[in-house]
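Asker: So you can see what is in the structure, the chains are spelled out below.
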Amino acid sequence: MRDADDAGVPAAAEDAPRRRWRDLAILVPVFGTFALMPPLIAIPLGWGALGGVPAIVLYVFGVWAALILVAARLAGALTPRSGAER
Amino acid sequence: MTPAVEFALVAALGYVALLFAVAYWGDRRARIGRTGWLRSPLVYTLSISIYCTSWTFYGAVGSAARSGLEFATIYLGPTLVFVGWWVLLRKLVRIGRTQRITSIADLISSRFGKSEALGALVTLIAVAAATPYIALQLKAVTISYQVIAGVPLDHADFRAGFWVAVAMAAFTILFGTRNVDANERHHGVVAAIALEALVKLFALLAVGAFVVFGLFDGPGALFATAPPGFLQAEEVFGPRWVTLVGLSAAAILCLPRQFQVIVVENEDERHVATASWLFPAYLFLSSLFTLPIAVAGMTLLPSGADPDMYVLTLPLMADAEALALFVFLGGFSSATSMIIVSSIALSTMVSNHIVAPLALRLARERARTSGDVRRLLLTSRRIAIATLILLGFLYFRVSGASDALAAIGLIAFVGVAQFLPSLLGGLYWPQANRRGALWGLTAGFLMWMYTLGLPSLEDGGPLGADTLLHGPFGIALLRPQALFGLDGLDPLVHATFWSLAANALLFIAGSLSREPHPLEWLQARQFVDVFRGGADVGARERTRVQRIATSEELFILAQRILGAEPAQDLFDAFARRQGISAGLPMPTEDLIGDLERRLAGSVGAASARAMMAQVAGGEEVSFDELVSIADETARIMRYSQALERKSDELETAARQLREANAQLREIDRQKDDFLSQVSHEVRTPMTAIRSFSEILRTSPDLDSTQARRFVNIIHDESIRLTRLLDVILDLRVVERGEIPITLEPVDPDAVLDVALETCEGLRGEAPVRVVCGTRAGGARVEADPDRLRQVFINLLSNAVRHNDKDAVEITVKSRVRDGRYEAVIGDNGPGVPAEHRDRVFSIFSATWTKGGHKGAGLGLAISRGIMRRMGGDLTLDAGRPGQGARFRVTLPTTTEEPPP
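In the order they appear, the protein sequences are chains C and V.
For the first sequence, position 72 matches number 72 in full-length UniProt numbering, and the numbering has no gaps at all.
For the second sequence, position 701 matches number 701 in full-length UniProt numbering, and the numbering has no gaps at all.
One or more of the hints may lead you astray.
Coverage of chain C stretches by chain V, computed from C-beta distances (three or more under 8 Å per stretch; other residues unrestricted) [to be verified]: (1) 20-27; (2) 48-54; (3) 58-66.
Everything labelled a hint here was simulated from the structure, so no lab data went into it.
We put the CB at the ideal spot given by N, CA and C, even for glycine.
Just chain V, same shape as in the assembly (with noise of 0.2 Å):
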């Protein structure tokens, strides 16, 4: 071994070390409770750059040497999802944590229906796809292992790539399966995913800037240097571009280890609106000199060498050992922090999709003790760990020395990308089922396989070089890489396009082929309306479930998942939360949900509910129950809208109501006032009629002149009996509007001075004053003069009775105005209270006549009424208080002459 193999593998060891120690620093403040600086979006972002493998490390610098800019499109796709967090991205992390999702098995698994067989099937097209990624990190790390210690290429040496295999895989297991929690952070690895990020992009930054101002003066100088024609090539923006810019951005949401770190490991929803452009940016910065970079390696480097290795050979040449250095570390984080989380996250899902049901269904008979399925769990995913790792390794080991390793990072990128149309469907139509996924992602897997995974390996793998050639059984239409006759397009773009093809169209036809089964539906609503109260229907959904269990029981359950210990811890909230301060929560339906959703951010959807349906019964939803639940939040809205309309209107009738109650309620006042008054008024003269009456019968002896006196008295007050009732007849005339009116052209001064004069016998007991002011002077109306005369004496003698003064006096003016004749009749007296000043016309007003011997007070009912028959009206003029009333008649003129 020279110095140099030394010094790269001793700076190696001690790079792995400082991971182990930065992972230990990092969970021994995550213990002790100090995580605050490990809880920020900016190490969010960073865990996500895990994105960036040792593949983009040296693979973007080659890509970038062959084809120009085509390497930028593995970061475009991302860069437009993460920009577009709003529609896709924020609507994922809150399913992800409201739904305590493990994994993207789990994700799709528990979207349609918790079925198990779809989690299974997920992870097994996971699986594929990663264990050849993973034998790419190993190879780079191999590679440039060798690049750095100045071992000859011509054979790869597997030792460092096994050693840094073991390495990573005690690492994971160490720190990466410490709980059974996927959702919990797993702090020590995300530490040291963070300082790894840093170290790769820093790397990757310090050999650009040196490539760019110190091989070269600057980016003009470099880019002059570049191969004519070089990126002037249009047919790099073809299908090839469109199709990688889309699985790209397809693999930052499907590839497991992305949906661990964005997804599962997500702590707070904000942190994706900072990754939106942090993330990004940190895609820009690593791509920066990417090109430089290819263009002085291309200047500079012999023709032979390896364009993925110029990250490498470029510093080494120019004898910048440290810079080089650096390199490698920076290659050698960004391939062990991909195989710590790839690992982690595949782990999980094989331990809770494969591992878990395999076990239920094995051990169903076997005694259950606290922690046997935590410690079921853990123990296989350290197995799946290690299992992962190696298989990965043996993959390197046996395709090592063909260049078809070069490629598997789009093949694992369109594998992956087989999930997209179950999980777009999933989060946005209801209508996707379990069917619609099953087909979709079988085909989409079948077809991945035959146009792209098998044809990669060496002479096509199991399908021989010449079923690869001319098709299988010589049909050439069914060649691998010309599918039906498509010819002549890039392998990629092909098999990107059947198997997307094949799936979106099987999920699609799937899923219209029947409807959702009950549970899928519940779980669509809760996926698909997750923004708008879709986590609610969960809560309502266990009010109907009816599961039955005993607290023992469950509490038995939670010990065998989560361990005695968080298991007690959890069972002490839910009685707190049921306001129990000691032994065990009570079994509600909300408990068990709770329990169950707890569960399965442990074991996954599907395991959980199997589990549960153990000690609990089954998860059933009758279909009419699920219509109901379904439809509930849109008849709930409904319904409160008609409520709050029917509400309205009921309010505004029961106004009305109120208010013309009110008014039945004055009107029965004043009707039992008028009747009160009128027997008082009737009462009086046919008491003095009786009672003289009653003399006149019992005294034989009484002198003439006596009896004459009261027969006199007798026949006074009948006529003013009679007066009172041909009033009250009067007013159920004026009542009905039935008042005969006979109308003719009168000069209606000359009806008030015949008024006034016949109220000269009225004026009796205080002297009474006629101040007659201006007069309209020939004005003609249609009029009964009769009936005119009547009104305006009774309101003189309205103004002569109603007065309180000494010395009366009667204002009297007339006047045209607007066509309308108007009189004026004013007084003296007290006036009328403003709150009476409507009561005053009403028929039963009885009561503003304060004294009973004054009449009924029915007057201005009838006057008013006459009036109006007549065209005109009877007001009151609103004055003030202690000025007198002043009443106004109206009429409108004529021109006839009365006649003669």
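Chain C with its partners taken away, still in its complex shape (with noise of 0.2 Å):
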């Protein structure tokens, strides 16, 4: 992705666990697209229902929760601090 290596200079070593959470902020959507699209997404079809709930509600609210989920822990991680991203 262009945006991943804005940076343009080799970042300085603390940097590096963040430099992992901006790879997965890349991949998190992608994830998020092969859960939420046919094939995969028709699967839970098959397996009944959990509680009384059909599998699939389950399933599509399962995996928006996850991304939430994610996303609020990666928003934790990537927020710059003030002022200091070029």
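Since each chain sits alone in its own frame, please combine them into the complex, following the hints.
Answerer: Structure representation (structure tokens):
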């Protein structure tokens, strides 16, 4: 991704964890798209129900919630310290 | 009118009044500078939630009742875009902030060379897509009002829709056109929108909880009543699913109102990070009860009931009237907030990209007065707001009876999705240019109209039912809903495919068909490379684009657009920055560029450029300059790397040179010392010889004894002179490595003994004691015995001569170790100072010998030269000061016997 290397210069050592978060930030929407698109999404149709709620409903909302949680963690890790970002 | 009608009416009016009050309060707080709460990431996220319009508030349940999980696609697309904010949204927001983008039309126009044509085209598409969308909101309000008021639904009661339209137009004009700079937030509007976002969310949650836990015993019991096969249809996850997720993802970026709240009104990039999870969470919560409400509606309500109104009819059926009223207000909120922000965003686009360019052309010769452009912009925005809402109402009035409105939300999505190729291309592809964007947008727009927009109207609208069924002029291949024979697809998927395919293809083809123009290239760099110093290109650009204007002209221009007071403030700030305390700032290129950018925040980049051109001349860039600008960053980086390498090399070379120079200086100094030493040495015998021969010459009556003595002195001195010259000659020979040496097996200890004997004669004034230590005994080495003796003698005589003690003591030891013969000759003299350790062996080390009478000090250099020629070495042991010097002679041993 073009944005990923926007630092331009090799990041300092303390930025290494941030770099991994950044790579994850790029991959999360990709994972989400895979999980929510056919053929993957049609699989839980055959799983029946869980506590009366169809598995497919639980699957869609589960993936959705997982994306939100990961995004919340990512936002915390990637939020630029005020003014520090170029 | 029944009492229920009046109550709903009162509630709606009261709610609108509340909105006005909140907006007024927000504006007041902003004016006295207390905006802390209004600038929080939470409010930013809540304002993004205008994505959830009444179409989703009511329609999601309807969609769920008809197609199960399909309703979720509308929220999953935006969720994916927001959790992937790092990839796209971050860049979009950064560009929006650095370029002071006022709308999506401005973004596309600005990116492709500040093109007026593109701005107008995008505005046109946006208006075409939004008008039915606004109509949809009015319809939803009208129907929900009819439902809650108990008015039969067989014909629409347009009064409610009309008054809502009037109230929203008034609200938007009042609070949405306060300032001309689109980047400045409308704090009143934001406060009202945030409130509405909360009302609609809590309304949905309340009705959801009521249905699941009030009407049923939890979700399990509820889903058990679902019709068999509901939610089990595999065809839901087909092409339509993929298309809808993609469309909604595009819509969250391309809908003018979303662009307005996400990009234009963004105040802090960190808010995007918060919204990246908070907005999906909002969507998640508002969708949580959609399926349960749909299932409950299908189970509990008569089969003829409108699924789109389940949210409202379920509480009404259960006689929960307060809840129903709350839900009605929630739906009302979602409709009004969409209308407010949509009309603000669209009016900005209309005024900046249609009215302003036209006015510029028409009023070229007219007198220019302070604030005239500002008045024009604000007036045109107010008129545009009223017109757009009125258009929406008319659309609703005309097509209100048909069911076609239900699909309008998605039709609008496909319309605005036409911006996507130009938007993404503009953000990531530098080669993308105006021609490509124009071609792509035009093709996409026409295709959208032909395949989706027009067929959605009753009987295909102007196309006619015949064309819809059999194609224009009976050409079946061109049927709008089965273009080129692509039959059997869902109309939405069909239209999305053809419009976006044509759009993207022509966008790429157009962009590749010619080189970008200079200004396009410049803008491309600033957009594509926004994270890699793209913004700095603009700063450099200004120094190359030569525009000349007087400060007065610029000031007048600023006054016309911003109004007198803001212009004065702005120019005061400019002057302060230039260090001028009073009066107008200097009209530098920096200032012109800055001013244009500031004006672009009000009128859009294209109009700002055109207006600036009127006073300051065109922003023309020659191609050569362009190339150099474009390559500048890369070139500077290459240069600086090369320079760094060069300077490293130079530094190394310089250091080596400095070292070499220091060595040379040292050698030069040693040579000077040596020369003075030698001259001194030569001079002493010469003086003696000259003075004695002088006496002999001038004193004929000298007695023979005396004369003989004198001649002896002359003779001795001559010999001394000769010896000295011999030594110097030896030195030169050693220097060239030309000492004649004949190697033969010898017993080194024997040579050492001979040397010791020879040195007996050297002992003069001071008593010398030779201490003989252990001997190697019977060692054999390859050496030239004469030269080896010379070396030993030299060392022994040094030991005596350089001794300051009254009793000289010389230690002589030898041994064989590791196949090498070693002889050590030590003395009890002062030793060699550490700093001279290396120099004693150098050729010009004469200084070491303090007293000139003791020889030129060449011996050690020559001796070492000799030893090395014989394969051995002469070294000086490191010793403590005051312990005397210990010289070590080493030679490789051999097994050959000495000749008899």
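Asker: Does each hint hold? Answer for all of them.
Answerer: Outcome of the hint check:
By the rule of at least three residues with a Cβ nearer than 8 Å to a Cβ of chain V, the coverage given for the segment 20-27 of chain C holds, with 3 such residues. With 5 residues having a Cβ less than 8 Å from any Cβ of chain V, the segment 48-54 of chain C passes the three-residue criterion, so the hint holds. Judged by the Cβ-Cβ criterion of 8 Å, the segment 58-66 of chain C is covered by chain V as claimed, because 4 of its residues qualify and three suffice.
Hint violations for this structure: none, all hints satisfied.
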